[in-house]
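Participant: One letter stands for each residue in the lines below.
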Amino acid sequence: MSSILATTLGRDFGKAPSVNRAVGEISLEIPRGELFGLIGPDGAGKTTLLRMMAGLLPPTRGSVRVEGIDPFGKEADHARDVIGLVPQEHSLYGDLSVGENLDFFADLYGLTGDDLRTRRDRLLSITRLGPFQARRASQLSGGMYKKLAVACALLHQPEVLLLDEPTNGVDPPSRRELWELLYEFVEGGMTVVVTTPYMDEATRCHRVALMDRGEFIALAPPQQLIDSLDAAVLEVALASVPEAREKATAVVEASPLVVASSPLGASLRVVVERGNEPAVAAELAGLGTLVPAAASFEDLFLTAIARRERDAKSSTARKEAA
Amino acid sequence: MSNETHEVMAPYEPPPRSLLQSWLAAPWAVAKKELRQTLRDPRVMAVLVIAPALQLLVLGHAANLEVDRVPTVIVDLDDTTDSRRALAELIADDTLREVARAHSPDEATALLVQGRASVAIVVPDGWSRDLHRAVPTHPARVQVLVDGTDPNRSGIAGSAALRFFSMLAARSVQERLAQMQGSMTALAGQSADLGTVTASAMAAAAGAPSSASPSVPSAMRPTQLSLAPRVLYNPRLRTAYNMVPGIATMLLLIVTTIVTSMGLARERESGTLEQVLVTPVRPWALILGKMLPFAGIGLFDLLLALVVGTYVFDVPIRGSIPLLFGVTFVYLLTTLGLGLLISTVSQTQQQAFLAGLFVMMPGILLSGIMTPIESMPSWLQPVTYLNPLRWFSQIVRAVMIRGATLDEILGPLGALAVCGFVLATVAILRFRKTAG
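First to last, the sequence lines map onto chains V and A. Mapping of the first sequence onto the numbering used here: position 25 corresponds to residue 32, and the numbering continues sequentially without gaps. Mapping of the second sequence onto the numbering used here: position 279 corresponds to residue 337, and the numbering continues sequentially without gaps.
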């Protein structure tokens with residue numbers, strides 16, 4: 008059985024005529040025990056999709072089932088026992104201590120007794136928050152705060168854990184620690200859905216969905232997506248002329264042949280449709296030379312978004328012409 | 059995700075919960091958390107406990123409608139022994155306080171304009187002559203000028219002065235009547251039919267100098283007929299008797315409504331509401347839990363108001379104290395319900411606070427605490443029936459000052475309960491709709 012099943016799920020905000028399609032029509036199946044990533048720029052609709060899965064935001068169209076339960080149906084309470092959510096915003100009580108926050112959410116889930124005590128101790132030990140039990144949540148570092156939020160969401164041992172940008176504002180060591188936690192949960196059979204704007208984190212998921220303007224533009228295991236990139240990824244080896252980088256950037260950004268570009272240290276990284284490499288090299292003559300590079304997830308992402316924009320422009324242009 | 063992991067995972071079992079647990083545990087958990095947060099925040103504690111005590115003390119003294127020591131300028135153009143004695147007697151009453159002497163009405167008006175005095179009393183030249191003549195067509199007149207920018211204070215002071223001078227005039231008429239009677243008795247000797255004195259003649263002689271003719275031959279023995287109203291429950295007509303229950307009503311409204319509305323808005327604003335709403339806790343349980351601690355604090359504030367009222371303002375508590383607390387609990391349902399309702403239409407704490415002010419001001423003005431409902435325009439009076447403040451302040455006054463029992467306050471208590479029920483129901487329905 009699939010852990011999460013979405014069918015033509017969508018949500019609009021606002022009233023006609025200025026309806027904002029935050030999530031268009033998304034169909035998705037996530038099996039149990041998968042670590043699923045939702046990747047996309049800000050405003051792509053990741054949070055809206057996650058909130059619909061969590062039963063917080065009723066969909067405008069389509070349906071969602073979590074462990075076979077409709078979170079907006081009669082069994083909504085049952086769904087809440089199955090789902091754990093770590094919201095993007097600060098969702099804990101800053102003026103309560105680590106221990107008090109845990110106890111409060113345990114009370115809301117109706118947890119008591121030895122069972123609660125063992126779980127609480129275990130969560131405190133795996134998040135390494137044990138020594139900070141008496142500290143107020145507002146005085147925790149970004150990483151510790153997120154770990155506490157994860158611990159609060161896991162007290163009732165949900166089947167499905169939804170995390171909205173859990174690594175936002177978290178330093179790299181804590182970030183790695185969080186991901187290690189997620190791996191541990193997934194190995195235990197939990198389904199984990201995580202949104203992130205960080206491309207390097209996408210490759211840590213079993214499968215990722217690239218999201219842009221409310222739609223999935225790609226959905227596959229991350230390496231498979233990178234391998235499928237049908238464009239040339241090149242680095243610009245800059246010539247030693249004054250302001251080479253600035254000039255090269257200007258050329259690359261103006262060129263219709265370059266699909267996507269991103270700064271790379273002191274240099275530039277460009278994605279070019281196959282076959283166009285010599286032409287781009289000619290445009291950059293005197294400023295630098297092109298060296299082939301290995302494709303990364305970021306290249307894939309930027310290319311996908313750029314192509315979508317280009318297609319959207321050309322289709323409106325065609326419509327206007329017709 | 060291999061198949062092994064699927065098999066390792068235990069099938070889902072909801073945590074065992076007894077009915078009692080699920081009904082009480084969640085509200086209790088929320089209440090406990092709320093109380094913890096409140097006790098931990100010194101600013102909120104100050105708003106809830108210290109501010110009410112201070113406001114009660116300050117308002118109890120400041121919102122004093124008893125008029126005394128009104129700055130007065132005196133123009134004595136008559137300048138006779140009579141006028142000087144009369145003015146000294148007037149000032150001795152302490153309602154008016156002489157701040158200046160002027161030599162002409164114009165000079166007195168100037169002082170009023172400058173704001174140095176609120177009332178001017180002009181005793182014209184020849185006043186004592188008119189007083190002694192006591193001719194009804196030409197009575198002894200004084201002029202009282204009043205600063206209208208503070209109509210209540212100046213009006214009361216002005217009419218007090220007028221009353222005083224009318225009384226002097228009346229006294230003078232009586233004295234004259236007595237003199238006349240004396241001379242008439244001397245003239246007529248022991249003549250007959252002295253017994254037929256009409257009541258109207260007596261009343262005229264005693265109270266209304268204008269209709270009392272000094273040449274009435276049948277006025278024999280002027281009988282003093284005076285009207286002495288007896289004020290029940292508050293014989294000294296002290297404002298505190300009215301203000302302490304009124305202030306308690308307003309304080310409970312402000313404290314509980316603002317804190318509830320801002321408390322929920324704060325959870326919405328900071329995102330904590332989201333985390334709470336993904337738990338199986340029911341909306342009503344969440345609301346109940348959030349309201350309970352503030353209802354408790356509201357009852358504590360009532361206790362505070364009663365203590366301050368008794369020991370600082372000498373306001374008696376003639377009715378039953380448990381009844382007062384019971385009624386207050388019903389009132390708190392309405393104020394907390396109002397706070398919750400405000401929170402459902404507010405996204406931020408700031409909005410909640412402003413919306414709270416917007417609702418509370420008319421609530422207070424239309425409650426009859428500050429101004430009597432009877433003196434509001436007739437179309438506005440029915441609106442006050444919807445105002446829980448009106449009913450609660452009415453009940454508190456009745457119970458505290460008149461010692462009313464439950465039977466005697468059933469009407470307003472019923473109205474209050476209806477207000478509370480409607481507000482709480484609408485609030486919960488709206489909260490359920492907007493929570494998601």
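FYI, nobody ran anything at the bench for these hints, they're computed from the structure. Be aware that a few hints might be false.
[Said to hold, decoys possible] With a straight-line cut-off of 25 Å between C-alpha atoms, the simulated DMTMM-like cross-links for lysine to aspartate or glutamate are:
no., chain 1, residue 1, chain 2, residue 2
1, A, K90, V, E280
2, V, K320, V, E280
3, V, K22, A, D208
[Claimed, not checked] Where chain A lies over chain V, by a calculated footprint (3+ residues, C-beta under 8 Å):
no., region
4, 22-33
5, 111-123
6, 200-208
7, 299-306
By construction, the Cβ of each residue, glycine as well, lies at the ideal position given by its N, Cα and C atoms.
Participant: Are any of the numbered hints broken by this structure? If so, which, sorted upward?
Facilitator: 1, 3, 4, 6 and 7
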